[in-house]
Each structure stands twice: as C-alpha cells, then as structure tokens.
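Engineer: All chains should be built: construct the whole structure from the sequences, respecting the hints.
Under the numbering used here, the residues of the sequence shown are numbered 1 to 460, in order.
If you are wondering where the hints come from, they were derived from the structure by calculation, not from laboratory data.
Errors might be hidden in some of the hints.
To be verified - Between beta-carbon pairs, the in silico distance windows are: (1) 259 <-> 437: 54 to 60 Å; (2) 44 <-> 358: 19 to 25 Å; (3) 437 <-> 189: 48 to 54 Å; (4) 278 <-> 56: 18 to 24 Å; (5) 20 <-> 44: 34 to 40 Å; (6) 19 <-> 251: 54 to 60 Å; (7) 361 <-> 231: 43 to 49 Å; (8) 254 <-> 61: 27 to 33 Å; (9) 224 <-> 266: 15 to 21 Å.
Stated by the list, open to error - In silico DSSO-like links for lysine-lysine, alpha-carbon gap of 30 Å or less: (10) 99 <-> 441; (11) 225 <-> 294; (12) 311 <-> 266; (13) 286 <-> 266.
Just so we're clear, the structure is a prediction, and the values are computed from it rather than from any experiment.
Every residue gets a Cβ at the ideal spot worked out from N, C-alpha and C, and that includes glycine.
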Amino acid sequence: MKNKKDRGFTEGLSAFFASVKLTLVLLIALAATSIIGTVIPQNEDASAYFQRYGEVFYKIFKFLDIFDMYHSWWFQFLLLMLTINLVVCSFRRLPGVWKIVSVKTPKFSRKRFENIKNKDTFSVPSSPDIIKPLFESYIAKRLRRCNAEETDNGFVLYAEKGRWTRMGVYSVHLSIIILFAGAIAGSMFGFTGWVNIPEGETVDHIRLRDNNKPHKLDFSLRCNKFEATFYDSGKPKDYRSSLTVIENGKETLTRSIVVNDPLRYKGVSFYQSSYGTLPPDRAMVKLTEQKTGKVRKLDAPFRERIFLPDKKGYLELVQFVSNFRNLGPGFQMRLSDDGKPPALFWLFEKFPTFDQMRKGRYLFSIESYPERHYTGLQVTADPGVWYVYSACMLLIVGIIVTFFMSHNRLFLEVVRNKGGSRVVIGGAANRNRLAFEEKVKKMRDDLLSLSPYTKGKERG
Numbered sequence: 001m002k003n004k005k006d007r008g009f010t011e012g013l014s015a016f017f018a019s020v021k022l023t024l025v026l027l028i029a030l031a032a033t034s035i036i037g038t039v040i041p042q043n044e045d046a047s048a049y050f051q052r053y054g055e056v057f058y059k060i061f062k063f064l065d066i067f068d069m070y071h072s073w074w075f076q077f078l079l080l081m082l083t084i085n086l087v088v089c090s091f092r093r094l095p096g097v098w099k100i101v102s103v104k105t106p107k108f109s110r111k112r113f114e115n116i117k118n119k120d121t122f123s124v125p126s127s128p129d130i131i132k133p134l135f136e137s138y139i140a141k142r143l144r145r146c147n148a149e150e151t152d153n154g155f156v157l158y159a160e161k162g163r164w165t166r167m168g169v170y171s172v173h174l175s176i177i178i179l180f181a182g183a184i185a186g187s188m189f190g191f192t193g194w195v196n197i198p199e200g201e202t203v204d205h206i207r208l209r210d211n212n213k214p215h216k217l218d219f220s221l222r223c224n225k226f227e228a229t230f231y232d233s234g235k236p237k238d239y240r241s242s243l244t245v246i247e248n249g250k251e252t253l254t255r256s257i258v259v260n261d262p263l264r265y266k267g268v269s270f271y272q273s274s275y276g277t278l279p280p281d282r283a284m285v286k287l288t289e290q291k292t293g294k295v296r297k298l299d300a301p302f303r304e305r306i307f308l309p310d311k312k313g314y315l316e317l318v319q320f321v322s323n324f325r326n327l328g329p330g331f332q333m334r335l336s337d338d339g340k341p342p343a344l345f346w347l348f349e350k351f352p353t354f355d356q357m358r359k360g361r362y363l364f365s366i367e368s369y370p371e372r373h374y375t376g377l378q379v380t381a382d383p384g385v386w387y388v389y390s391a392c393m394l395l396i397v398g399i400i401v402t403f404f405m406s407h408n409r410l411f412l413e414v415v416r417n418k419g420g421s422r423v424v425i426g427g428a429a430n431r432n433r434l435a436f437e438e439k440v441k442k443m444r445d446d447l448l449s450l451s452p453y454t455k456g457k458e459r460g
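Structural biologist: Next comes the structure, spelled out in structure tokens:
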C-alpha cells in the first residue's frame with residue numbers, strides 16, 4: 001500500500017513538472033519580472049531609490065530585492081523551476097523518440113503504411129524482380145537509409161532520411177538549461193565592481209558595486225599611464241589606459257584599453273569607464289622678494305613645511321582644488337612669516353599675480369606642479385559566460401534542426417499483377433509535410449520513367 005502511494009505521489013509530481021501550463025506560467029512570470037527589472041534601474045545608490053519612490057515603496061522594493069532583481073532568490077527560483085520543467089518534459093518524451101532514432105535497421109511497417117493518407121498508385125508491365133534493383137538504387141541515393149524486403153507477391157521497401165533531426169528539440173531544451181545554469185552560476189559566483197587606479201600605482205582589490213565592500217583579486221593590476229584627448233569644446237574625445245597584470249611578482253600581461261575594449265584576465269574583465277585628476281603630491285612655488293625683486297623657487301611637498309630663505313618662517317601646501325570657483329586649479333597655502341601667526345591664502349596657476357593683493361615680504365605664485373590622473377575601471381567577473389556562449393551556439397543549431405529539417409520516411413509496395421506489377425508509394429514527414437509530399441510526387445514520376453515499358457499511372 002505504501003509503495004502504491006509513493007508511486008502515485010511520484011507520478012503526480014512528475015506530471016506537475018511536465019505540465020505545459022507550468023511552463024507557460026513560469027515563462028509569463030519571467031517575462032513580467034524582466035520588464036520590472038528594465039523599468040526599475042538596477043543596483044543604483046540607495047538614496048536615489050529613496051528619493052524616487054519614497055520611504056514606503058523603497059522598503060517594499062528592498063524587501064523583495066527589486067533593486068537587484070536578477071540576483072534575488074525568487075528570480076533564481078523561477079529559473080530553477082523552469083529548468084526542472086524542461087528536464088522532466090524532456091525525459092518523459094525522450095524514450096519514445098529515442099526508440100525511433102536508435103533503430104539500426106529500418107523495416108517496412110504495414111501499420112504506418114496504411115495510415116499514410118496521400119498515396120500514389122501506378123502500374124508497370126515489368127515484374128517485381130526486374131524493377132526491384134532499379135527502384136532500390138534510385139531511392140537509396142536520395143534517402144540514404146533503404147531496406148527492401150521480399151513478399152509472396154513482390155516486395156516492400158522502406159527508406160528514410162533525417163531520423164536524427166527528431167533530437168533537435170532536445171538540443172533546444174539542453175541549450176536553455178545550460179543558459180540558465182550559466183546565469184545562475186554568474187549570479188552566485190560572479191561579481192561586479194569598480195576601482196580607481198592612479199598612474200604608476202598598483203592595486204590588488206576592487207570595490208563591489210552592490211555593497212561597496214572590498215574584494216581581493218587573485219592578481220595585481222598596475223596603471224602604467226593614462227592618456228586623454230579632447231575636442232575644442234573641452235569634452236573628452238578619447239581616453240585610454242595602459243595596464244599591466246602582475247601575478248606572483250611577475251608581469252604577465254600588458255595592454256592598453258579604451259571604452260568597449262576591455263582587458264580580460266582569468267575570467268575578470270576591466271572596462272574603461274571614467275577618469276579623473278588626483279591632487280598633486282607637490283608643487284613648484286615661485287617666491288619673489290618684494291624689496292629686492294630676487295626670485296627663488298621652492299619645491300613644496302604636500303603637507304610639509306618649507307622654510308623661507310631667511311629662516312624666519314615657513315610655507316606649507318595644505319590643500320588642492322582642481323577648479324576653485326571656476327578659477328582653475330587652486331592651491332591653499334599656510335604661511336608663517338617673521339613671527340606672525342600662520343595665515344591661509346590661495347594661489348592659482350592661471351593667475352600668477354593673484355598674490356599681489358596680499359601684503360607681505362614675499363610674493364608667491366605657482367610655477368608648476370606634476371599632473372596626476374587616475375583611471376576608473378568597471379570590473380566584472382562572470383564564470384557562467386562560457387556556458388551562455390555555448391548555450392547560444394547550441395540553441396542556434398537546435399532551432400535550425402527543429403524548424404528547417406525533418407525526418408522523412410518513404411514507403412513503397414510492389415505487388416505482382418497480370419502482365420506486370422502494381423506499385424503503391426507514400427511518404428510521411430514529421431515537419432514540412434507539404435514540401436515532402438511534393439518530393440514524393442517527383443520521385444513517383446522518376447520511378448515511372450525508370451520502369452521498363454511503363455503502361456500508365458492512376459491516382460490512389
């Protein structure tokens with residue numbers, strides 16, 4: 001009794017997962033959620049979501065993982081359910097299809113022959129013994145698999161082509177399963193992040209996009225140089241970064257990247273996404289004595305005091321602003337001169353006489369400073385990407401086989417008749433039936449022309 005109940009439960013569960021209704025429900029659910037994921041931008045800053053949707057909807061959407069929908073447990077659950085549905089459907093129908101595909105020697109089936117609706121009949125004055133090798137040779141060249149069997153009154157012939165095409169639908173199913181497996185693998189084990197690398201510096205970790213946590217890489221990456229070109233309007237025209245991969249202390253790869261041309265290494269891709277200017281670590285300051293006009297140059301490292309020529313004070317570079325109130329690069333200095341309390345003032349590279357408004361023993365201006373840039377990289381790793389590529393190729397092959405190729409079967413019966421033979425020919429195909437029916441008619445006409453002393457034909 002228990003085994004009967006267990007068997008009934010197993011069969012019911014199998015029928016549930018093999019249901020076409022379940023397939024439709026899952027496909028509609030995935031389509032609907034994908035639309036939501038398109039309408040609602042994914043993985044943006046929390047403050048942007050809060051401002052856009054308000055506190056109530058923000059909490060609801062966050063609870064449902066709408067802001068990172070494709071990594072949510074329920075979206076992966078839908079993919080898993082559809083995968084199980086495809087697997088169960090395939091296995092339930094596979095034995096019957098495999099029984100047809102795996103036959104080594106095809107044979108004439110009287111039942112299948114009688115079930116063919118469209119058959120043609122014609123008569124020839126030659127005996128079955130004479131026309132058998134002619135018919136068999138002709139049909140074997142066109143359908144490849146051909147088997148003739150003698151009967152009491154003549155012979156029957158069965159030929160087929162493209163039996164393996166019945167497996168095309170399983171190629172489509174398998175490709176979808178591999179595609180889902182790749183998507184799940186990428187969701188669970190992949191990551192997306194970003195990193196800013198100053199010129200000449202090396203990093204071995206990035207920041208994850210969704211939580212801003214550091215993620216250590218299995219190798220290091222150095223930015224050798226950053227270059228940018230601009231239009232006359234000042235907008236960036238092109239920018240590129242020269243990057244070097246360092247692994248186990250050795251340089252293993254060096255190449256330049258631009259937008260949409262990433263560097264890929266061990267499954268991790270680095271895309272050029274942004275750039276910026278870093279505060280200089282020093283500046284060359286021009287010092288002019290007001291009384292004598294004597295000029296000196298001071299190398300002023302950032303946050304480091306530099307003594308004035310008479311040792312009665314010091315100068316310190318304390319802050320850098322890339323564009324201070326549209327005046328260009330600004331340097332905030334701290335000056336202690338001749339026992340006076342330290343005072344802050346600004347110097348601008350584009351305005352060397354700006355310090356004349358300040359009264360003092362010395363006049364300062366920015367002579368030069370080393371420009372330093374950083375390259376902003378978007379970093380992605382998706383271990384399932386090759387699964388996806390393989391699935392796409394398999395899907396294309398499966399679609400071509402499923403929709404453009406078919407299993408063609410030809411049945412021929414030759415019965416000895418008075419003064420000759422009576423021939424009945426019919427064919428069937430699992431797809432593209434009309435095209436194959438026209439092909440059978442062409443073959444019938446060819447067989448008529450091959451038959452010695454053909455008398456005529458009649459439609460059956």
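Engineer: All hints are to be evaluated individually against the structure, with a verdict given for each.
Structural biologist: Comparing the hints with the structure gives:
no.	hint	in the structure
1	259 <-> 437: 54 to 60 Å	56 Å, holds
2	44 <-> 358: 19 to 25 Å	46 Å, violated
3	437 <-> 189: 48 to 54 Å	52 Å, holds
4	278 <-> 56: 18 to 24 Å	42 Å, violated
5	20 <-> 44: 34 to 40 Å	38 Å, holds
6	19 <-> 251: 54 to 60 Å	57 Å, holds
7	361 <-> 231: 43 to 49 Å	45 Å, holds
8	254 <-> 61: 27 to 33 Å	44 Å, violated
9	224 <-> 266: 15 to 21 Å	20 Å, holds
10	99 <-> 441	29 Å, holds
11	225 <-> 294	38 Å, violated
12	311 <-> 266	57 Å, violated
13	286 <-> 266	50 Å, violated
In summary, the structure is inconsistent with hints 2, 4, 8, 11, 12, 13 from the numbered list given earlier, while agreeing with the others.
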